[in-house]
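Please work from the sequences and hints to get the whole structure.
Throughout the sequence shown, residue numbering follows our numbering, covering 689 to 921 in sequence.
For the record, the hints were derived by calculation from the structure and aren't laboratory data. Here the structure is a predicted model, which is why all the values come from computation and not from measurement. Please note that the accuracy of each hint is not assured.
[What the hints assert, rightly or not] Computed beta-carbon distance windows for the label pairs:
| no. | residue 1 | residue 2 | range |
| --- | --- | --- | --- |
| 1 | Ser-871 | Asp-796 | 41 to 51 Å |
| 2 | Glu-785 | Gln-867 | 23 to 33 Å |
| 3 | Asp-911 | Asp-796 | 17 to 27 Å |
| 4 | Glu-898 | Pro-746 | 21 to 31 Å |
| 5 | Arg-767 | Asn-744 | 23 to 33 Å |
| 6 | Thr-766 | Thr-909 | 51 to 61 Å |
| 7 | Ser-890 | Ile-821 | 19 to 29 Å |
Using N, Cα and C, we set each Cβ at its ideal position, and we do this for glycine too.
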Amino acid sequence: MTGGFYTNGKHITDFDLTLVSRDAPAPEDVEVIETVPWRSGVIDFSLMMGEPIKKNRPLKYNLIGVERDQIRKLTTKTRIVNWLMDGRIREIYDDGEPGYYYLGKCVDVKLKNDDGVGKVEYEIEFDCYPYRISIYKEGNDIWDSFNFELDIAQSTSFTVEGEKSVTLYNNGAIGLSPQINASAAFTIIKEGISYNMPSGVSKSDLFRLEKGINNLKIIGTGDISFSFYKELI
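Structural data, given as structure tokens:
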């Protein structure tokens, strides 16, 4: 099996490792279910915020290497452990999923199989954020990477003189808060709610682009741009 992953400045090939298998199951939903006195059944609050809440997802790789010397075998494992298990959450780029990365930290490096004659198999596990994140900012014009089934061509930068209605598309699986770069202070109206955005670079958890179509009215004068990356399961 070809491929592997890159993280923390190195690829598995830097350790002469080959990918045997990988497992990236879909993240599980967090269920918020309550019983109510004197009422049959239960009430499901899982979608109370408008979208599902997901648990972190495991990402596992089985890798194989060849080390005929016991000292070299221990040295290689030590190098792998120190490469991956520093406790930091990092971007993990899987060769089999170009254009996206996982965000997580390594939680286990296990010597799964050692046949004593050279072949060494490792099992490496990451604990990851539930969604894969695109490496391409929305509104980019990189034609070679455009996916007609997953991507949307759109403008995310606007010049406003007084008032302008615009539409932003979040083609990801969940809502997100974009980074806003504004040459002046603006007011953004979304679904009847006003958000005051300062001049400069800002980001607010209160202002979100929901999954799908987002119709906005921008009030002010100057240039404003929205920076965001779609997230998919």
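Consistency of the hints with the structure:
1. Ser-871 with Asp-796: 41 to 51 Å: 48 Å, holds
2. Glu-785 with Gln-867: 23 to 33 Å: 24 Å, holds
3. Asp-911 with Asp-796: 17 to 27 Å: 48 Å, violated
4. Glu-898 with Pro-746: 21 to 31 Å: 28 Å, holds
5. Arg-767 with Asn-744: 23 to 33 Å: 27 Å, holds
6. Thr-766 with Thr-909: 51 to 61 Å: 60 Å Cβ-Cβ, so the 51 to 61 Å window holds.
7. Ser-890 with Ile-821: 19 to 29 Å: 21 Å, holds
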